[in-house]
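Colleague: The lines below spell out each chain.
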Amino acid sequence: MSSALIEHTRSALAAGAREARGAWHLRATLAAAVVAAALLAPAVLPLAGRMPDIAAFVYLAVAAVGLTYAVGLAGIPSLGQGAFLGIGAFAEAIARAKGGWPLLPALLLGLGAAAAAGVLTGLATGRLRSAFVAVSTWILAWIVALTLISFPGISGGAQGLVLPQAEVLGHPLSPTAHYELGVALLVLVIVGYLIIAPRAPGLALAAARERSSAAVGLGVPVARFRLGAFTASAAIAGLAGALGVELAQVADPSGYDATLSFKLFVAVILGGARTPLGPVAGLLVISAFSHAAERLGTLRGLPPGRLEEMLTGYGLLLVLGLGGAGLLPAARAWWRRSWGDPARRQAPIRGEPLARVEHPAPLTTRRLSKRFGNLVALSELDLELSPGSVHALIGPNGSGKTTALNLLVGRLRPDQGTVAVGGEALDGLTTRGRAFHGIVGTRQTTEIFSDLTVLESVLVGAGLRRRHSGAFRTLFATPKARREAAAARRRALSALEFVGLAGELGRPSSELSAHGQRLLMLASALATEPRVLLLDEPAAGAGTAELEHLADLLDGLRKRGLALLVIEHNLRFVRRIADKVSVLAAGRLIASGSLAEVAVDPAVRTAYLGRQRL
Amino acid sequence: MSLVVQVIVTGLAAGGVYGLVAVGHSLIYRLTGIVYFAFGDLVAFAVFATLLVAAGTAPVSRTSLAPGRFLLALAIGLVFCSAVGAATYVLFIEPYLLRGSTLGWVASTLAIAFALRGMIGATFTRPAYVFPDPIPFDKVGRNGVVSLAGASIQVRSFFVIALAALLAAVAAWTLQRTRYGRALQAIASDVEGARFVGLPVETLVALTFGLVGALAAVAAVAAAPSAPFSVETGTLLGLKGLVAAMIVRFGSPWAAFAAGLGVGLAEAAIDNLRIGDLGLGAQYGEILPLAFALALIAYRSLRAEPDVERA
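From first to last, the protein sequence lines stand for chains G and B. If you number the first sequence the way our numbering does, the last residue is 614 and the count never jumps. If you number the second sequence the way our numbering does, the last residue is 311 and the count never jumps.
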């Protein structure tokens with residue numbers, strides 16, 4: 001038993017090592033060399049006098065990189081990073097100075113306090129539009145700053161809280177030790193970002209950032225992921241703040257004002273929000289500004305710090321006025337223009353053919369109804385979608401087709417009626433819950449994740465059934481997480497192969513044609529392994545050849561045992577694909593059957609087709 | 001009783017200025033969907049520009065000013081404030097609005113705020129300034145203070161309240177009754193529609209960025225002599241106006257103005273009132289309204305349907 005376990009562990013470790021060796025390249029060597037040089041710098045360079053300042057800068061950089069988890073990864077415009085820094089700093093300072101706590105528990109308390117504040121803020125603002133998130137976090141920054149200044153009982157007043165000298169194994173923590181610790185922490189936070197961003201949790205966050213509604217449609221738990229990113233960002237700030245007061249040996253209540261939050265946000269935007277090194281570059285630029293400002297200020301006889309804000313503001317306005325992608329992305333774009341981009345050259349990978357549905361099941365609705373105020377959008381709809389068939393839902397504009405679809409995928413709650421798949425009731429389940437049961441719908445408008453490549457977009461859908469690759473397991477690349485990632489990749493490739501986009505894997509999805517984007521939406525939905533697929537006007541705007549391609553794809557899905565519902569206006573297309581047609585008019589189902597049967601139904605003729613002949 | 005009267009008058013005087021800032025925040029949000037983080041600093045910019053022309057950067061020795069020079073200074077201050085407001089919109093905010101980049105406009109409005117703060121700080125190097133009074137209120141009562149129901153109240157407070165209410169009325173009237181105001185309402189309800197019928201949307205919005213700043217600045221200048229004015233005062237003015245506007249969900253001018261008055265009253269009450277032995281004291285006056293607004297935002301967001309759009 002135990003030897004089998006050891007053998008298992010050994011082979012898993014070997015596989016991990018193989019993967020790591022395979023992924024190792026020149027850039028990683030360079031990065032390792034830079035980190036080693038940074039760690040060795042204090043031993044070689046005569047920096048001893050400036051070490052406290054440098055170490056403080058590194059801690060600030062940790063908080064700034066932490067902020068990219070919220071701003072870059074999740075797209076949350078957080079203006080409260082300085083507040084979380086202050087919360088972490090004072091939680092640890094109070095525990096150490098007043099409570100007499102030892103170093104490590106106090107640091108953990110600082111991290112925990114900031115994380116808790118992050119969770120609360122994240123929960124409170126998670127559903128707000130991003131402008132209001134910015135306002136709320138800005139208000140939070142001011143509340144923390146004003147609290148620290150107005151309550152000397154908490155913050156120690158003008159002198160601040162003086163900490164006892166920290167000791168680790170009997171040695172006092174010198175500024176140089178803080179520097180080494182800070183660099184190590186900085187590397188960890190940056191590497192963490194680099195691991196998460198291109199993998200399932202990062203892709204899900206990017207999808208939510210780009211098109212929240214489409215991400216929700218694919219079963220991405222948007223709210224949970226955003227909360228996680230925001231909390232991680234706050235926790236990192238808390239730890240950096242706690243270590244920062246440990247370095248300074250004093251917690252200064254005036255050091256955590258709204259300017260600090262502004263500075264950190266600026267560092268992220270200035271350097272490039274979606275690159276973890278960006279904030280470090282941004283902070284370097286800002287400190288160059290303040291250095292220059294101090295020089296200028298002394299020349300003009302100004303008190304210190306006066307010119308700094310102005311120059312930071314001007315500098316940021318300059319960068320933003322020039323286009324505002326941030327320093328590092330701009331530098332990278334320049335590099336690519338001059339030297340070509342090696343990442344773009346990617347050998348095409350073939351996926352396996354799309355699998356048949358494993359447990360096909362019919363979807364049934366009973367008396368499904370929805371009203372908006374006085375308007376009856378849908379009234380007592382009974383529908384049955386059988387596996388291996390295409391069901392077309394037609395009707396004039398405003399007859400309730402899209403409402404029906406939204407009720408089926410859980411985007412709307414019905415006023416009455418039930419939805420069941422394979423006899424299992426789905427009522428009360430969210431979009432994500434229904435996606436788990438195999439019911440996925442696409443929207444009428446083309447919704448693509450323009451920041452992601454074709455393969456990445458489909459991986460968002462393929463990530464639905466992950467069970468062992470949350471953020472933590474992805475971070476530590478556990479064997480299960482790696483296996484799941486490989487399986488998700490296979491599913492995504494199969495779906496792309498099926499719709500015919502296998503040759504475009506590395507292309508940004510915004511570069512695809514309108515038809516290509518439609519196919520991409522379909523592939524993303526297929527990668528969730530649906531049993532029931534609901535398509536809202538998949539053929540809108542398609543040309544003749546494209547319609548034929550789409551019809552072939554739907555035929556292929558029917559053969560694989562999917563139950564398909566297609567909302568469609570184009571009756572020629574309906575005739576080509578549909579096994580059964582249901583007609584809605586003013587929210588009521590007025591006819592159901594084959595297209596030929598429906599077409600001769602007098603109610604349909606009057607309500608929908610008028611005097612036209614089919 | 002005397003304390004209550006004092007709280008009401010000082011609260012309304014402070015709240016009147018917050019209210020006008022809130023009117024500006026609401027209007028800008030409804031026109032563009034952005035939150036103008038530099039608003040308070042723009043108002044401070046107007047106040048300090050007026051001070052610069054009226055009295056220079058030296059510490060003010062006289063408490064009153066010649067009316068002619070003051071009016072000239074105010075006019076110059078307002079013109080500069082409007083020009084900066086409009087120019088920053090065109091240069092740094094509109095490009096990001098067109099791209100739909102939230103991070104972009106948040107960053108640029110904050111950068112504008114700090115550039116303005118820094119500019120004022122580099123010119124006016126003392127921590128705070130006492131603004132000279134253009135109107136000789138000190139001739140009324142005892143050195144500008146009268147007794148009302150046993151409370152000592154600055155005469156200027158009544159003037160500030162009346163002026164703020166008048167300006168709010170002007171704003172509401174402009175929005176309802178003038179061609180310009182109706183054009184703004186059209187933009188607020190449907191930008192594309194407004195553009196389609198031929199309204200010069202960009203020009204009108206830029207103009208509004210200038211005007212709302214000037215509107216709030218007039219009240220701020222009128223209130224400025226009551227207490228020392230610093231860069232921070234301006235930033236906090238913007239923040240409190242924003243809080244008031246958030247409370248009424250960026251509603252109509254009157255709603256925003258009323259919310260501003262409410263914030264001012266709450267602040268004054270928390271600062272001064274005691275119920276029995278229980279008094280909160282001045283340190284809570286600024287924090288509690290902010291905390292209340294944050295709690296209100298949280299409550300609304302948790303109760304509402306998800307409203308997450310793309311960043």
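Accuracy of the hints is not assured; some may be wrong.
Said to hold, decoys possible - If you want the footprint, here are the derived chain B segments under chain G, 3+ residues with CB under 8 Å:
(1) 106-113
(2) 116-127
(3) 154-167
(4) 247-256
Said to hold, decoys possible - For the chain B half of the interface with chain G, some residues (derived, Cβ under 10 Å), not all of them:
(5) T88
(6) Y96
(7) L98
(8) L103
(9) T235
(10) L239
(11) Q283
(12) Y284
As the list claims (entries may be wrong) - Between beta-carbon pairs, the in silico distance windows are:
(13) B:V79 to G:P46: 35 to 45 Å
(14) B:A227 to G:G49: 36 to 46 Å
(15) B:G33 to G:A596: 48 to 58 Å
(16) B:A87 to G:V44: 42 to 52 Å
(17) G:A330 to B:R179: 36 to 46 Å
(18) B:G150 to G:H291: 54 to 64 Å
(19) G:I6 to B:R99: 41 to 51 Å
These are calculated hints, taken from the structure and not from any lab test. In this text, a Cβ means the ideal position worked out from N, Cα and C, and glycines have one as well.
Colleague: Hint by hint, say whether it matches the structure.
Modeller: Taking the hints in turn, this is what the structure says about them:
no., hint, result
1, 106-113, "holds (count 7)"
2, 116-127, "holds (count 7)"
3, 154-167, "violated (count 0)"
4, 247-256, "violated (count 0)"
5, T88, "8 Å, holds"
6, Y96, "7 Å, holds"
7, L98, "12 Å, violated"
8, L103, "6 Å, holds"
9, T235, "8 Å, holds"
10, L239, "6 Å, holds"
11, Q283, "4 Å, holds"
12, Y284, "8 Å, holds"
13, B:V79 to G:P46: 35 to 45 Å, "54 Å, violated"
14, B:A227 to G:G49: 36 to 46 Å, "43 Å, holds"
15, B:G33 to G:A596: 48 to 58 Å, "51 Å, holds"
16, B:A87 to G:V44: 42 to 52 Å, "50 Å, holds"
17, G:A330 to B:R179: 36 to 46 Å, "44 Å, holds"
18, B:G150 to G:H291: 54 to 64 Å, "57 Å, holds"
19, G:I6 to B:R99: 41 to 51 Å, "56 Å, violated"
When each numbered hint is compared with the structure, violations occur for hints 3, 4, 7, 13 and 19.
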